[in-house]
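Line by line, the protein sequences give chains A and B. Counting from 0, one number per residue, gives the positions in the first sequence under numbering that gives the first Met the number 0. Counting from 0, one number per residue, gives the positions in the second sequence under numbering that gives the first Met the number 0.
One thing to keep in mind: the hints can contain errors.
Copies of the same chain are indistinguishable here, so a pair counts whether it falls within one copy or spans any two.
In silico EDC-like pairs for lysine to aspartate or glutamate, Cα to Cα no more than 16 Å straight-line [as the list claims (entries may be wrong)]:
(1) Lys335 - Glu208
(2) Lys327 - Asp38
(3) Lys54 - Glu254
(4) Lys335 - Glu209
(5) Lys224 - Glu263
(6) Lys324 - Glu88
Hints listed in this document are in silico derivations from the structure and should not be mistaken for laboratory results. Model, not experiment: these values are computed from the prediction.
Protein chains: 2
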Amino acid sequence: MTFLIIFGGSSFEHEISIVSAITLKDKIKKHNLKFVFVDANRNFYLINKENMKSKYFANGEYKKATKLEITKGGFKYQKGFFKKDIFVEFEVAVNLIHGRDGEDGKIPGMLEFFDIKAITPNIEASVLSYNKVLTKDFAKLRGVEVIDYEIITKPKTKFVFPIIIKPARLGSSIGVSVVKSQDEFNYAFDVAREFDDLIIVEPFIKGIEEYNLAGCLADDWIFSKVEKVEKKEFLDFEKKYMDFARKESETNEIEKNLIEKLKENFKKIYKDEFENALIRCDFFYKDGIIYLNEINPIPGSMANYLFDDFDNVLENLAKNLKKEKEIKIDYEYINKIQMAKGK
Amino acid sequence: MTFLIIFGGSSFEHEISIVSAITLKDKIKKHNLKFVFVDANRNFYLINKENMKSKYFANGEYKKATKLEITKGGFKYQKGFFKKDIFVEFEVAVNLIHGRDGEDGKIPGMLEFFDIKAITPNIEASVLSYNKVLTKDFAKLRGVEVIDYEIITKPKTKFVFPIIIKPARLGSSIGVSVVKSQDEFNYAFDVAREFDDLIIVEPFIKGIEEYNLAGCLADDWIFSKVEKVEKKEFLDFEKKYMDFARKESETNEIEKNLIEKLKENFKKIYKDEFENALIRCDFFYKDGIIYLNEINPIPGSMANYLFDDFDNVLENLAKNLKKEKEIKIDYEYINKIQMAKGK
Numbered sequence: 000m001t002f003l004i005i006f007g008g009s010s011f012e013h014e015i016s017i018v019s020a021i022t023l024k025d026k027i028k029k030h031n032l033k034f035v036f037v038d039a040n041r042n043f044y045l046i047n048k049e050n051m052k053s054k055y056f057a058n059g060e061y062k063k064a065t066k067l068e069i070t071k072g073g074f075k076y077q078k079g080f081f082k083k084d085i086f087v088e089f090e091v092a093v094n095l096i097h098g099r100d101g102e103d104g105k106i107p108g109m110l111e112f113f114d115i116k117a118i119t120p121n122i123e124a125s126v127l128s129y130n131k132v133l134t135k136d137f138a139k140l141r142g143v144e145v146i147d148y149e150i151i152t153k154p155k156t157k158f159v160f161p162i163i164i165k166p167a168r169l170g171s172s173i174g175v176s177v178v179k180s181q182d183e184f185n186y187a188f189d190v191a192r193e194f195d196d197l198i199i200v201e202p203f204i205k206g207i208e209e210y211n212l213a214g215c216l217a218d219d220w221i222f223s224k225v226e227k228v229e230k231k232e233f234l235d236f237e238k239k240y241m242d243f244a245r246k247e248s249e250t251n252e253i254e255k256n257l258i259e260k261l262k263e264n265f266k267k268i269y270k271d272e273f274e275n276a277l278i279r280c281d282f283f284y285k286d287g288i289i290y291l292n293e294i295n296p297i298p299g300s301m302a303n304y305l306f307d308d309f310d311n312v313l314e315n316l317a318k319n320l321k322k323e324k325e326i327k328i329d330y331e332y333i334n335k336i337q338m339a340k341g342k
Numbered sequence: 000m001t002f003l004i005i006f007g008g009s010s011f012e013h014e015i016s017i018v019s020a021i022t023l024k025d026k027i028k029k030h031n032l033k034f035v036f037v038d039a040n041r042n043f044y045l046i047n048k049e050n051m052k053s054k055y056f057a058n059g060e061y062k063k064a065t066k067l068e069i070t071k072g073g074f075k076y077q078k079g080f081f082k083k084d085i086f087v088e089f090e091v092a093v094n095l096i097h098g099r100d101g102e103d104g105k106i107p108g109m110l111e112f113f114d115i116k117a118i119t120p121n122i123e124a125s126v127l128s129y130n131k132v133l134t135k136d137f138a139k140l141r142g143v144e145v146i147d148y149e150i151i152t153k154p155k156t157k158f159v160f161p162i163i164i165k166p167a168r169l170g171s172s173i174g175v176s177v178v179k180s181q182d183e184f185n186y187a188f189d190v191a192r193e194f195d196d197l198i199i200v201e202p203f204i205k206g207i208e209e210y211n212l213a214g215c216l217a218d219d220w221i222f223s224k225v226e227k228v229e230k231k232e233f234l235d236f237e238k239k240y241m242d243f244a245r246k247e248s249e250t251n252e253i254e255k256n257l258i259e260k261l262k263e264n265f266k267k268i269y270k271d272e273f274e275n276a277l278i279r280c281d282f283f284y285k286d287g288i289i290y291l292n293e294i295n296p297i298p299g300s301m302a303n304y305l306f307d308d309f310d311n312v313l314e315n316l317a318k319n320l321k322k323e324k325e326i327k328i329d330y331e332y333i334n335k336i337q338m339a340k341g342k
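If we strip away everything but chain A, and leave its shape as in the complex, we get (with noise of 0.2 Å):
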């Protein structure tokens, strides 16, 4: 099949968008590969295979690449003299823009609304994983733990320590702080501000286990391996990408039944609202309980790594993708009214 991944946009992942788009080069290795570029000003690009390495885009090559438009079915551009329409030809468009515009509901938003088949979160998925306060509420109400939070508008006192801060609409543990005393939460709350205005706070609890699992429902669910995070205190953004050595997944040293419980939870969250994504979910657990921490609607490189095969997971899915609802308008309403009226 031919795949077109869709990488970049206005977000403060815009660089890490990159690195995974150049991450699926390699790791796809069946199908072909198309590539469209979103820059920090929301032009879309079409990038040659061979281009995709990211000095192009850190030093502004790519703004000789081809423009694109997004248009009814696809991307198109205009050529020669008599600007004739070309359309990029592809069968599935892949969302991998992490963070805003990919995570938000931009982007799908607007694949949904030009009939562009793809793998991606849908609008309503993508804002109830991008805000943490909705995703704990969604949680809930799906029979899943979270750990309690609390919002905060403005710096107070009174926390039982430590803690973490979050600002609400952020992954990759950017803003992410974790705040030992008084002293120090301050300057971590301004740090999360900068980021968002709705600003949570939860315990740090020590000792806690962090598992992800990733997954995707195409003609029968699909489970990656559980990947158990080995951590020190806490990973910010920069060791968390930064560290290109990250232990990689040990299912076997799991228990079978800790992993059952993970697939159940990871349903209980995906059912009917996650559909056509590959979404991971990374779980916290203690004494027994397990926990959602986050949902990644669009993970770093898809998770790639967490599959035995990867490129089957991917065709999978994309031949089983869900489309809209079709509604039929036919001016009845409007024709009843003209019909009162006489005219």
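Given the coordinates of chain A, assemble chain B onto it according to the supplied hints.
Chain B only, in chain A's frame:
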């Protein structure tokens, strides 16, 4: 000012949106209006003001109008042999698409993506008001009461009748039924299922009063008159919209104290979530308690009939629109990797 009214959409309320736009054409006197129609297939058309008649859309004549493409900053078409780009000139767009596309986040996301200044709910606000389950959760989070509900996934028994059955994701009372007995239930359930897979049931509370209040936060809070909705048992879609003689508000008959309480509840819902939108909150009132029924983030004809000086409200809001946070992308992270690699 020149406003660009965007209406139509692939929505069960497509025709309502046309009527809304035609109504605004007559109600807005001080400002210049232009019109962009989104047809059932999601093509954009620039509609001449003199063609703003419902028949023009119902009989397909609109297809002769100039087709537009959405692009950075607005809408454009190409003119003449040399296909010169012509941009539609306006100052502020108004998202007037009710239901899908307008209120589910698609058009709001596109307007933000393409940096088009607009009176519209944003994506998150759209999703929260589009899905009634999320609306109720959100209201509770904000300290506003709602009527209890139950999500039902298949026909079941054991309700205490009468109940109201609603598809979760539609406005304008479409697919909503009042059910008085188990006999009526299955049919009503099937009707609702035609519109959404997510169905909710609420108790039907006799003698509950309904009050609508529209408003926005511009340079300061702007509130409409309070409309007391006089209805028989229940206004379904047809009754609600075919009834041109719908009773207008008579605020002076409503207790001052109640009006103040409604405004307080409106503010709790609107603040930091519905900015840039002119919304109408529909409240219930019984035994001294105010309940949020639903949020209309794009009310019919912008609820203009509830305002004394609608031209002024629109202008005030348009002049106080908030822009999306800017994100600076400096390729610091990629440059670090390049450095680390020694390239």
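Here is what the structure says about each hint:
For the identical chains of this complex, Lys335 and Glu208 are neighbours neither inside a copy (63 Å) nor across copies (31 Å), given an alpha-carbon limit of 16 Å. Taking the closest pair of Cα atoms, Lys327 and Asp38 come within 16 Å of each other only across two copies (11 Å); inside a single copy the shortest separation is 36 Å, beyond that limit. Proximity of Lys54 and Glu254 under a CA criterion of 16 Å is satisfied in neither setting, with 43 Å inside one chain copy and 66 Å between copies. Taking the shortest Cα distances, Lys335 and Glu209 never come within 16 Å of each other, neither inside one copy (60 Å) nor across copies (28 Å).
Proximity of Lys224 and Glu263 under a CA criterion of 16 Å is satisfied intra-copy only: 14 Å inside one chain copy versus 50 Å between copies. With identical chains, the CA atoms of Lys324 and Glu88 are never at most 16 Å apart, being 25 Å at best within one copy and 34 Å at best between copies.
The structure fails to meet hints 1, 3, 4, 6 from the earlier list, while all remaining hints are met.
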